[in-house]
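Student: Next come the chains, spelled out residue by residue.
There are 4 protein chains.
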Amino acid sequence: MPKSSQKKTEPCTGNKAPGRPRCPEAHEKILKSAYEMLLEVGFNDLTIEGIAARAGVGKPTIYRRWSNKARLVIDAFLAETSPELSFPDTGKVKEDIRLQMYRLVNLMNSPRGQVIATIIGGGQADSEVIDAFLSNWLFPRREDCSKVIKKGMEREEIRTDVDIESVIDALYSPLFYRLLLKHGLLTEEFVDEIISIVMSGLDKS
Amino acid sequence: MPKSSQKKTEPCTGNKAPGRPRCPEAHEKILKSAYEMLLEVGFNDLTIEGIAARAGVGKPTIYRRWSNKARLVIDAFLAETSPELSFPDTGKVKEDIRLQMYRLVNLMNSPRGQVIATIIGGGQADSEVIDAFLSNWLFPRREDCSKVIKKGMEREEIRTDVDIESVIDALYSPLFYRLLLKHGLLTEEFVDEIISIVMSGLDKS
Amino acid sequence: MPKSSQKKTEPCTGNKAPGRPRCPEAHEKILKSAYEMLLEVGFNDLTIEGIAARAGVGKPTIYRRWSNKARLVIDAFLAETSPELSFPDTGKVKEDIRLQMYRLVNLMNSPRGQVIATIIGGGQADSEVIDAFLSNWLFPRREDCSKVIKKGMEREEIRTDVDIESVIDALYSPLFYRLLLKHGLLTEEFVDEIISIVMSGLDKS
Amino acid sequence: MPKSSQKKTEPCTGNKAPGRPRCPEAHEKILKSAYEMLLEVGFNDLTIEGIAARAGVGKPTIYRRWSNKARLVIDAFLAETSPELSFPDTGKVKEDIRLQMYRLVNLMNSPRGQVIATIIGGGQADSEVIDAFLSNWLFPRREDCSKVIKKGMEREEIRTDVDIESVIDALYSPLFYRLLLKHGLLTEEFVDEIISIVMSGLDKS
DNA sequence: ACCTAAGCGAGACGGTACGTCAGGTCTTTCG
DNA sequence: CGAAAGACCTGACGTACCGTCTCGCTTAGGT
Chain B
1 MPKSSQKKTE
11 PCTGNKAPGR
21 PRCPEAHEKI
31 LKSAYEMLLE
41 VGFNDLTIEG
51 IAARAGVGKP
61 TIYRRWSNKA
71 RLVIDAFLAE
81 TSPELSFPDT
91 GKVKEDIRLQ
101 MYRLVNLMNS
111 PRGQVIATII
121 GGGQADSEVI
131 DAFLSNWLFP
141 RREDCSKVIK
151 KGMEREEIRT
161 DVDIESVIDA
171 LYSPLFYRLL
181 LKHGLLTEEF
191 VDEIISIVMS
201 GLDKS
Chain H
1 MPKSSQKKTE
11 PCTGNKAPGR
21 PRCPEAHEKI
31 LKSAYEMLLE
41 VGFNDLTIEG
51 IAARAGVGKP
61 TIYRRWSNKA
71 RLVIDAFLAE
81 TSPELSFPDT
91 GKVKEDIRLQ
101 MYRLVNLMNS
111 PRGQVIATII
121 GGGQADSEVI
131 DAFLSNWLFP
141 RREDCSKVIK
151 KGMEREEIRT
161 DVDIESVIDA
171 LYSPLFYRLL
181 LKHGLLTEEF
191 VDEIISIVMS
201 GLDKS
Chain X
1 MPKSSQKKTE
11 PCTGNKAPGR
21 PRCPEAHEKI
31 LKSAYEMLLE
41 VGFNDLTIEG
51 IAARAGVGKP
61 TIYRRWSNKA
71 RLVIDAFLAE
81 TSPELSFPDT
91 GKVKEDIRLQ
101 MYRLVNLMNS
111 PRGQVIATII
121 GGGQADSEVI
131 DAFLSNWLFP
141 RREDCSKVIK
151 KGMEREEIRT
161 DVDIESVIDA
171 LYSPLFYRLL
181 LKHGLLTEEF
191 VDEIISIVMS
201 GLDKS
Chain A
1 MPKSSQKKTE
11 PCTGNKAPGR
21 PRCPEAHEKI
31 LKSAYEMLLE
41 VGFNDLTIEG
51 IAARAGVGKP
61 TIYRRWSNKA
71 RLVIDAFLAE
81 TSPELSFPDT
91 GKVKEDIRLQ
101 MYRLVNLMNS
111 PRGQVIATII
121 GGGQADSEVI
131 DAFLSNWLFP
141 RREDCSKVIK
151 KGMEREEIRT
161 DVDIESVIDA
171 LYSPLFYRLL
181 LKHGLLTEEF
191 VDEIISIVMS
201 GLDKS
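From first to last, the protein sequence lines stand for chains B, H, X and A. The letter at position 186 of the first sequence is residue 186 when you use our numbering, and the numbering goes up by one with no holes. The letter at position 149 of the second sequence is residue 149 when you use our numbering, and the numbering goes up by one with no holes. The letter at position 168 of the third sequence is residue 168 when you use our numbering, and the numbering goes up by one with no holes. The letter at position 45 of the fourth sequence is residue 45 when you use our numbering, and the numbering goes up by one with no holes.
It is worth saying that the hints were derived from the structure and are not from the lab. Computed from a predicted structure; not experimentally measured. Note that the Cβ used here is the ideal one computed from N, Cα and C, for glycine as well. It is possible that some hints are incorrect.
As the list claims (entries may be wrong) - Covered stretches of chain X, as calculated for chain A (at least 3 residues, CB under 8 angstroms):
hint, region
1, 41-47
2, 170-183
3, 193-202
Modelling step: build the complete structure from the supplied sequences, incorporating the hints.
Tutor: Have a look at this one:
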């Protein structure tokens with residue numbers, strides 16, 4: 001977890017906090033401003049100065065809580081995207097995955113899809129951003145997916161002699177590929193096509 | 001003003017540009033400097049000022065030719081990566097693709113792989129960069145790949161009822177995915193795994 | 001005389017001029033543009049580039065004729081202000097001077113007064129400008145004034161034991177002073193006052 | 001002014017400005033550098049970049065305090081030239097003025113005279129410079145002079161039916177005239193001559 | 001009737017300085 | 001005593017002109 005949580009919780013375990021307490025309103029205003037600007041201008045054109053101005057706080061107030069733009073963005077954006085990408089449970093693995101991929105495609109086609117793209121883009125210059133994206137966003141979803149696939153293996157719907165990580169890569173990477181390179185549309189038909197290609201070789205049959 | 005009008009229009013109705021032509025040596029020096037600095041410091045820490053200084057040219061000479069850093073990088077980097085990614089011709093489609101994917105993985109693991117990553121990353125804030133990456137780099141290679149797959153279809157090595165574009169996406173996107181997200185290694189084993197998953201469903205059998 | 005005249009006349013004194021002669025229309029267009037822009041933006045904000053653009057000529061065409069902005073301005077402005085500042089001949093020295101000073105005040109209150117001010121101002125950074133202003137503009141008028149004063153001395157209207165140069169300075173410097181420092185209005189009443197102060201001590205009485 | 005007002009007023013219901021105070025050393029270093037460079041290269045060739053470099057500060061630190069070169073020069077030069085131009089008190093008005101004019105001529109012949117000239121020159125393109133020169137430099141000295149003349153009038157040394165402003169102009173403008181146009185030397189003899197011309201008509205006799 | 005030298009408009013050249021922006025740090029005052 | 005505010009220095013931005021230098025041409029006198 002980023003430093004902000006630690007700093008906030010540690011002194012509070014003792015029942016007195018020395019010095020002036022951090023203004024909780026500032027915290028919220030900063031996150032709100034950062035999130036809004038992220039949607040408006042993307043990760044690269046996001047500036048600490050701009051966030052500070054919009055939130056009506058000083059720059060050090062931001063730097064004190066988040067050591068850099070990446071960590072702030074993580075708190076502002078990544079830490080709260082969960083529920084809409086959950087997996088359904090239809091009883092059939094391929095359908096569970098298909099429906100969740102539909103949801104992901106839907107998200108990618110929304111403004112927030114562009115935010116994800118700019119975060120991954122910005123992360124190419126800052127490994128911390130990528131690391132945070134992985135641990136706060138991607139890995140939880142991959143873990144969910146992994147569970148679904150394992151369930152399918154247990155049900156003997158799909159082969160068990162494949163590397164699950166690679167399967168997940170094969171399924172999801174085309175979506176990110178098109179999100180980032182924009183050489184083709186992100187449609188449900190494309191999802192169907194990818195599932196067809198990837199899963200047809202995994203059928204237990 | 002009989003003279004000036006004549007002078008201005010007459011020669012320009014002809015075929016050439018008026019004024020001093022742009023110095024081709026400056027062009028080369030700039031591209032060379034940009035390419036070297038790209039490898040040394042990456043896309044984000046690249047500065048026009050630094051390139052100008054290293055190339056021994058003035059900043060306006062750069063801005064006169066490329067409107068921003070992105071376009072310069074495209075010319076500096078993308079215009080010369082071709083030959084090492086050609087497809088072999090072993091007679092077996094799957095092997096042709098496998099070997100070329102090995103080459104791509106090899107490239108991605110070199111410093112130039114990081115340059116590609118930063119270009120795609122930078123492109124998230126500038127669609128022109130992505131467009132240039134597509135037309136100057138990606139599409140030519142996809143076209144090559146497409147030909148190989150079609151050849152395989154003619155030879156009846158693989159099924160003909162699939163969308164070639166989606167197949168290419170399924171094959172290559174995992175490599176870019178790992179290049180950009182760094183959640184897994186880009187190894188030849190990973191290539192084998194992807195080919196196994198994707199191609200096993202495409203076998204004409 | 002500025003270099004342009006020399007260049008133009010010298011080869012012509014020799015009976016051969018090799019090469020294409022300089023286009024006289026360009027000369028006129030440049031001077032006209034320079035004069036207009038001088039009125040519009042003043043000496044300091046005058047740019048060779050702007051003059052060239054307005055005149056529809058190339059920069060080298062200007063630099064070929066005038067080595068710097070100062071020399072161009074001299075030709076564009078100073079070489080043609082003469083007639084309106086001539087001295088009348090009323091028979092009374094004090095009146096001749098008074099009327100001519102009225103004319104000068106009138107000129108100084110026109111846009112061209114500001115041009116003179118910016119030329120003197122710009123000349124503080126370029127002694128050539130001042131020198132040209134002196135020889136092309138100021139000295140001819142001082143010479144005229146000197147003749148008028150000498151005539152007054154001969155007529156025994158004024159004392160002969162004073163330094164004429166100092167008298168001219170005493171008479172005219174207040175006008176330039178107010179032109180440049182703008183701490184007081186340049187009116188005919190002010191002229192009267194100065195003449196009263198300076199000439200009252202010079203009366204032959 | 002969204003941020004500053006809100007934030008500034010809320011916690012600062014107290015009396016002082018929040019934030020780090022402006023470094024007074026930087027202030028001094030900038031003024032010192034500007035003054036030195038003014039002596040070396042004059043107003044026109046003075047650059048903010050050069051001042052910043054010599055003072056060892058960043059350009060924004062200068063721009064934060066002075067909106068343009070003119071205002072900086074005013075502070076750097078004009079705000080501190082007073083004492084050497086004070087009037088003596090010999091008991092005789094003409095002598096008081098003569099001695100002070102000697103001092104002014106002496107100043108004008110020093111490097112600082114050239115600085116004054118370039119400031120007046122530069123002021124022709126920027127009325128703020130002239131205004132500042134008037135209020136910070138010229139008017140205080142004119143006021144001193146005015147007092148001396150009035151004293152002379154009370155003592156019945158000189159006539160009382162003349163406009164004091166015009167007298168001051170008549171006395172001092174020749175010095176500035178020669179300072180700026182350089183058509184004659186600024187000597188004590190010249191001062192004597194001017195005083196002779198101007199004051200001879202003012203004698204109470 | 002050709003040379004050939006100098007002119008032409010156009011515009012790129014290497015530079016310098018501009019005034020701005022954002023970065024990340026430091027210092028004061030206030031709660 | 002630490003949070004908040006804002007000035008600090010740095011460094012790069014992209015622009016405007018500088019004065020010079022090719023370009024491909026035109027012009028006209030001297031061979």
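Student: Now tell me, hint by hint, if it's right for this structure.
Tutor: The hints, checked one at a time:
1. Counting residues of the region 41-47 of chain X whose CB lies closer than 8 angstroms to any CB of chain A gives 4, which reaches the minimum of 3, so the coverage claim holds.
2. Look at the region 170-183 of chain X against chain A: 11 of its residues bring a Cβ nearer than 8 angstroms to a Cβ of that chain, three or more, so the hint holds.
3. Proximity of the region 193-202 of chain X to chain A, defined as three or more residues with a beta carbon under 8 angstroms from a beta carbon of that chain, is established by the 9 residues found.
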